[in-house]
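Given these sequences and hints, build the entire structure.
Read in order, the letters of the sequence shown are residues 30 to 456 in this note's numbering.
Please note that a few of the clues may not be correct.
As the list claims (entries may be wrong) - In silico lysine-lysine, DSBU-like type, Cα no more than 30 Å apart, as pairs:
no., residue 1, residue 2
1, 269, 438
2, 289, 199
3, 341, 269
4, 269, 152
5, 36, 161
6, 214, 289
7, 161, 210
8, 296, 214
9, 269, 395
10, 210, 341
11, 161, 149
12, 34, 91
13, 386, 444
14, 54, 289
15, 152, 36
16, 386, 438
17, 36, 289
18, 161, 214
19, 80, 161
20, 289, 152
21, 152, 214
22, 80, 289
23, 341, 214
24, 341, 289
25, 289, 210
26, 78, 289
27, 161, 296
28, 149, 199
29, 214, 199
30, 149, 214
31, 341, 395
32, 269, 386
33, 152, 296
34, 54, 91
35, 149, 296
Hints are computed from structural coordinates only; laboratory data are not their basis.
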Amino acid sequence: MEYKKSKAVLVGLCTGEDDAEELEKSLCELERLLDTAGGECFATLTQNKDKPDPRTLIGSGKVEELSQLCRGNNVELVVFDEELSPSQIRNLEDDIGGDVRVIDRSMLILDIFALHAVTKEGKLQVELAQLKYTAPRLTGQGKDLSRLGGGIGTRGPGESKLESDRRHMKHRIYALEEELKVLEKNRRTMRAARDRSGIPKIAIVGYTNAGKSTLLNRLTDAGILAEDKLFATLDPTTRKFEMPSGESVLLTDTVGFIRKLPHHLIKAFRSTLDEASFADALMIVLDVSDPEHTAQLEVTEHLLEELGASGKPTLYVLNKCDLGAAGLPNIGVPAVRENLVAVSARTGQGIDLLLEKMQELMHAGKVRKVFHIPNREAGALNTLYQNATVENVEYTAEEILVTAVVDAKIHGMMKKYDPDWVEPEEE
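Here you go:
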């Protein structure tokens, strides 16, 4: 089904001089979000105000200006860069008049998620987030919800549910949460199977549209949809990849991050976002052709910390270096970070160096040891094959000599076979 392209006015509030530049960047991003949702920006309206108006966020004079702009140009949608309360949406729609819909940034992001959700889990997560966030705002408008047949801010798996009464919606929310618990349990089972395989896991993370899916496609021929759009990928995809050394890793493409990512959305997508938390290492992909890549890195690292996924071995992939990107010394990443590699996932430039860095990343914190396993305990060799990189196996009359690269956990498990083992000192 094709939705009519909505003509929209974007509205932002500036509460101080230091906020002006940040607001401009945020509104530019909001325009890209609108484009991804299938709308077009007719005009941008900003208000300088010491503090938000509790009734309409912006002042009454600016609301009147907004009303004239919409009514005189057949504008059907107003998108606020700040989060609006249900009463503010109702007041704004009443003051603007006509059949103009008012939504906020979070509702626009939810709409894009509804547009791009493919898997059953993704659709359920979007519907749950919409019901918890959008429904109170829509039901608070005092208008007939039967008009919500399509258009930005109205579509998605949950749109028919928004016409139900509050009691029905509570039941639906409960049912969704229960169904997602089952799917989350299945996801945990799959993660446990990956853990038992002993294959290292790398999560590809970063700002939306940084090129994560394109990079995974370049490395593994995963065939994931990769578009120059925000949030083109919602559902995590994992592919096995064999490094030039012969070692295998599991690469997982994850949903992108963005400024002001709604907390309820993080909660709804927690099970998929947790792919980063359960990974052994991270590849943070940056679009260094975007002048905002440094700020985008800050957003990414903040959200990773919020998800409990920070502090892992990390490789910073400076993507789109073929598009006039700044050189390595000027990317804004602190010099203490040595794991940097510039690539173009689109053309393949720098991929060979990326593979070298990936190999170094997977060996970070690992040691090469020779284990002496008595022949009568040969079963211990399977532990190394499953959880480490076995480089050489030599059989003698009394024991098996195994050279393997192991992490601290496996080294501890196999310590009885390491004649050089020294118990770590207690802190």
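Here's how the hints hold up against the structure:
Between residue 269 and residue 438, the direct Cα distance comes to roughly 23 Å. Compliance with the 30 Å bound is thereby established for this hinted pair. Our distance criterion of 30 Å between C-alpha atoms is met by residue 289 and residue 199, whose separation comes to about 26 Å. This hinted pair checks out: residue 341 and residue 269 have alpha carbons roughly 20 Å apart, not beyond 30 Å. For a cut-off of 30 Å, the pair hint linking residue 269 to residue 152 stands: about 25 Å separates their Cα positions.
For the suggested pair residue 36 and residue 161, the alpha carbons sit about 27 Å apart, so the restraint of at most 30 Å is met. Distance check on the hinted pair: residue 214 and residue 289 sit about 29 Å apart at the alpha-carbon level, within 30 Å; holds. Under the criterion of a C-alpha separation no larger than 30 Å, the hint pairing residue 161 with residue 210 is consistent with the structure, at around 17 Å. Of the supplied pair hints, the one linking residue 296 and residue 214 holds, its CA atoms being roughly 16 Å apart against a limit of 30 Å.
Restraint check for residue 269 and residue 395: satisfied, since their Cα atoms lie roughly 21 Å apart, inside the 30 Å limit. Among the hinted pairs, residue 210 with residue 341 is consistent with the structure: their alpha-carbon atoms are about 27 Å apart, no more than 30 Å. For the suggested pair residue 161 and residue 149, the alpha carbons sit about 18 Å apart, so the restraint of at most 30 Å is met. Of the supplied pair hints, the one linking residue 34 and residue 91 holds, its CA atoms being roughly 25 Å apart against a limit of 30 Å.
At most 30 Å may separate the alpha-carbon atoms for a hinted pair to count; residue 386 and residue 444 meet this at roughly 29 Å. Between residue 54 and residue 289, the direct Cα distance comes to roughly 12 Å. Compliance with the 30 Å bound is thereby established for this hinted pair. A C-alpha spacing of about 27 Å is found between residue 152 and residue 36, which places the hinted pair at or below 30 Å, so the restraint holds. Restraint check: the Cα-Cα separation between residue 386 and residue 438 comes to about 23 Å, which is no more than 30 Å; the hinted pair holds.
The straight-line distance between the Cα atoms of residue 36 and residue 289 is roughly 23 Å, inside the 30 Å bound, and the hint therefore holds. With a C-alpha separation of about 22 Å, the suggested pair residue 161 and residue 214 falls inside the 30 Å cut-off, and the hint holds. This hinted pair checks out: residue 80 and residue 161 have alpha carbons roughly 27 Å apart, not beyond 30 Å. Distance hint between residue 289 and residue 152 is fulfilled; the C-alpha atoms sit about 21 Å from each other, no more than 30 Å.
Distance check on the hinted pair: residue 152 and residue 214 sit about 17 Å apart at the alpha-carbon level, within 30 Å; holds. As the CA atoms of residue 80 and residue 289 are separated by approximately 19 Å, the hinted pair is consistent with the 30 Å bound. Distance hint between residue 341 and residue 214 is fulfilled; the C-alpha atoms sit about 24 Å from each other, no more than 30 Å. Proposed proximity of residue 341 and residue 289 is supported: the alpha carbons are some 24 Å apart, at most 30 Å.
In summary, the hint linking residue 289 to residue 210 is supported, as the alpha carbons are separated by about 26 Å, within the 30 Å threshold. At most 30 Å may separate the alpha-carbon atoms for a hinted pair to count; residue 78 and residue 289 meet this at roughly 20 Å. Of the pairs offered as hints, the one joining residue 161 and residue 296 holds, with about 11 Å between alpha carbons and a cut-off of 30 Å not exceeded. Proposed proximity of residue 149 and residue 199 is supported: the alpha carbons are some 20 Å apart, at most 30 Å.
A hinted pair counts as satisfied when its Cα atoms are at most 30 Å apart, and residue 214 with residue 199 qualifies at roughly 23 Å. For a cut-off of 30 Å, the pair hint linking residue 149 to residue 214 stands: about 14 Å separates their Cα positions. Distance check on the hinted pair: residue 341 and residue 395 sit about 14 Å apart at the alpha-carbon level, within 30 Å; holds. Between residue 269 and residue 386 the CA atoms are separated by roughly 17 Å; this keeps the pair inside 30 Å, and the hint holds.
Proposed proximity of residue 152 and residue 296 is supported: the alpha carbons are some 14 Å apart, at most 30 Å. For the hint linking residue 54 to residue 91, the alpha-carbon distance of about 21 Å falls within 30 Å, and the restraint holds. The suggested pairing of residue 149 with residue 296 holds, with an alpha-carbon distance near 17 Å, which does not exceed 30 Å.
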